[in-house]
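If you're matching them up, the sequences are chains X and D in order. Residues in the first sequence are numbered consecutively from 6, following this note's numbering. Residues in the second sequence are numbered consecutively from 2, following this note's numbering.
Calculated directly from the structure, the hints in this document are not laboratory data. Be careful, since some hints might not be right.
Covered stretches of chain X (in silico footprint by chain D; criterion: 3 or more residues with CB under 8 Å from a CB of chain D, positions within the stretch not fixed) [to be verified]:
#1 63 to 72
#2 99 to 107
Computed spacing ranges between beta-carbons, pair by pair [claimed, not checked]:
#3 X/F283 <-> D/W237: 47 to 57 Å
#4 D/P32 <-> X/G330: 52 to 62 Å
#5 D/A112 <-> X/P386: 20 to 30 Å
#6 X/I352 <-> D/L145: 22 to 32 Å
#7 X/I352 <-> D/P32: 27 to 37 Å
#8 D/L206 <-> X/D49: 51 to 61 Å
#9 D/L228 <-> X/D49: 47 to 57 Å
#10 X/T183 <-> D/G116: 45 to 55 Å
#11 D/L145 <-> X/T183: 51 to 61 Å
#12 D/A212 <-> X/G330: 21 to 31 Å
#13 D/L105 <-> X/P126: 26 to 36 Å
#14 D/A137 <-> X/D336: 22 to 32 Å
#15 X/D258 <-> D/A137: 45 to 55 Å
Glycine included, C-beta positions come from ideal geometry on N, C-alpha and C.
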Amino acid sequence: MDVLDLARMQFAVTGSLHFLFVVLTLGLAPLVAIMQTLWTFRGDPVHERMTRFWGQIYVINYALGIVTGLVMEFQFGLSWSGLSHYAGDVFGAPLAIETLGAFFLESTFLGLWIFGWHRLPRGLHLACIWIVTLTAYASAFWIMVANSFLQNPAGTVDRGDHLELVDFGALLANPMLTMALPHVVGAALLTGGSVVMGASAYQLFRRTPEQEFFTKSLRLGVVVASVGVVLAVAFGYAQFGPVGEFQPGKFDDKPLAGLGLGFMIMIGSLLQLVVLFFLLPVIRWLPRWRWAHPVVMLMTPLPFLAAILGWLAREAGRQPWLINGRLTVADAMSPGLTSGMVTTSLIAFTAVLGLLAVVDYVLIARVVRRGPAAVALGAGPGPDRERAAALSL
Amino acid sequence: MDILWFGVFAVLLLGYFALEGFDIGLGMLLPVLGRSQEGRDRVVAAMAPFVLAGEVWLVAVAGVLFGVYPRAEGEVLFGLYPLVVSLLVSWIVRDAGLWFRRRLDGRAWRAGWDGAICLGSWGLALSWGTALVALADGMSVTPLGLAGGAVVAAALAFHGWTFVSWRLPGQVTGASRGAGALLASACVAAAPAAVLLAGAAPWLLGHTAPADTLNVLSFMILPLAPLMAGGQVWVWRTFGPRGAADRIPSFF
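Modelling step: build the complete structure from the supplied sequences, incorporating the hints.
What follows is the structure, given as structure tokens:
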């Protein structure tokens, strides 16, 4: 592999890892916020326990979203300084807005939410999780604005050696964005719903004492996954219009992009069939149908796989361009970058992040297995709570 | 507008060292300040609620660098490639230690992740010090740079020591420090970056993005500034020393 392949590989590996975790973050955040809203306004303790249990899974997953995201943010400057040199006046803006206007708030208020249990007034604590949810989606919006600019550099003019931003509105109304954003949001909700469904089915299948808890959770998961799969599939097909217009050869002679697209559509259709035409109609009885629970459990990894395949299709189909029609990936690579540099950082990032990703999933699986009684998030003062928390510390 | 955004950049960079510097310093001092597992738990719990609100300042620095100084961004990050990679790996290892240390039972698990926090914090401090000297010295890593690493490490350790003497007075270091001392140690932590920033100001200003780009950024970001500042103030009001005596188990 030459240095260009190595740099692309580094971006693909870290980007895929990042997406695996953020897609679940985006999917779970609204679920946790809805659970806490129900608890705040109805006062039913089961909703408090649901908020803490699913919140704990959300927060553990969040750790890897952060650390992989750090690598993504700095990687543009490390390996692709040609991009900021040619298009930084345009591409830098959505990324700067994402870090300041979205992630800065998300991180601050997530800290307040995690550590604010039993310290903040209930209403303000609820406001924290909603700010975290809204800013997470704002982040997704700005990242998709930046990505869509790479697919179709709308609102810009080529000034010879650099791109100039002439129409910010056109950047936001990019047809490559307007159809893709709801698709990504749908994929995230499908992923979040599927994880909640899968974990609930596991607990119900084992006939643990938490029947009410996981019956409610399973139903909420099915509803959210249904909304997600409809959005993801509908806005998946809707993208063929803009893609045909702006990137007509996107899937021709590009095996990775074509395969990614094909298998993603296959998984999407299968999930649509199962979620919409089997799980949703029988939602009332599903928690008691033990034979169906293994099917629900087995579905859990599929949305993650489809998300990675879809991302591969979108990005591999853009090759050899970094900015479609304007700047090639080869021209965007940092001048002077050597194989030795990229090999070292590729091994370091892959080894560290890969190991942490495995640890993270093992920890999430452990939370699922042990159930709501052993959750540390939101554990309060007092001997009983303390003991319950200590079990999971 | 150029001056305004330079001010934003400066506030974010210096704010990072002031607000995240003590977390790094405490991570470095973790084996010294917490000789037993209970001691380390207490130190980590003292800084835990501030970490997410503190480290995000560097994410914002990188964002502004990309949005406001796009031509400088590639030059700086690529020019310091090995240092940026070691900074990122250290940051990742430190964060993983914080998030994972209490997720399983067992002393070996927690002690292992405490080691990761310490190692990552040292990596962060030394990478920063070396990078600041390299930036001042035309992007070359020299023996002087390693001395810079030692200076930054000492400054951050001092800031961490002062923070925990403010947050848990008399309990960890044996000393008690007031808010004034904490402010002073924050200035010490931010001083090396302030020196570099003063020297690099003309060069950075010369790399500013065009007015159209800055207008977009101002329009989108400045209205959110009160909420950003409000969130930070709320963190400090909620988790300051007065809330320290409670018995709520820490998540980190």
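For each hint, the structure was consulted:
1. 63 to 72: Result for this restraint: holds, n = 5.
2. 99 to 107: Our answer is that it holds, as 7 residues pass the Cβ test (under 8 Å) against chain D, meeting three.
3. X/F283 <-> D/W237: 47 to 57 Å: Given range 47 to 57 Å: holds, Cβ gap about 51 Å.
4. D/P32 <-> X/G330: 52 to 62 Å: holds (55 Å)
5. D/A112 <-> X/P386: 20 to 30 Å: Roughly 26 Å apart at Cβ, these two residues keep to the hinted range, so it holds.
6. X/I352 <-> D/L145: 22 to 32 Å: holds (29 Å)
7. X/I352 <-> D/P32: 27 to 37 Å: holds (28 Å)
8. D/L206 <-> X/D49: 51 to 61 Å: Roughly 58 Å apart at Cβ, these two residues keep to the hinted range, so it holds.
9. D/L228 <-> X/D49: 47 to 57 Å: With a Cβ separation near 31 Å, D/L228 and X/D49 fall outside 47 to 57 Å, so the hint is violated.
10. X/T183 <-> D/G116: 45 to 55 Å: holds (48 Å)
11. D/L145 <-> X/T183: 51 to 61 Å: Given a distance of about 52 Å, which is inside 51 to 61 Å, the answer is holds.
12. D/A212 <-> X/G330: 21 to 31 Å: With a Cβ separation near 26 Å, D/A212 and X/G330 satisfy 21 to 31 Å, so the hint holds.
13. D/L105 <-> X/P126: 26 to 36 Å: About 32 Å separates the Cβ atoms of D/L105 and X/P126, which means 26 to 36 Å holds.
14. D/A137 <-> X/D336: 22 to 32 Å: For D/A137 and X/D336 the Cβ distance comes to about 31 Å; the hint holds.
15. X/D258 <-> D/A137: 45 to 55 Å: holds (49 Å)
In the structure shown, a violation is registered for the earlier hint numbered 9 alone.
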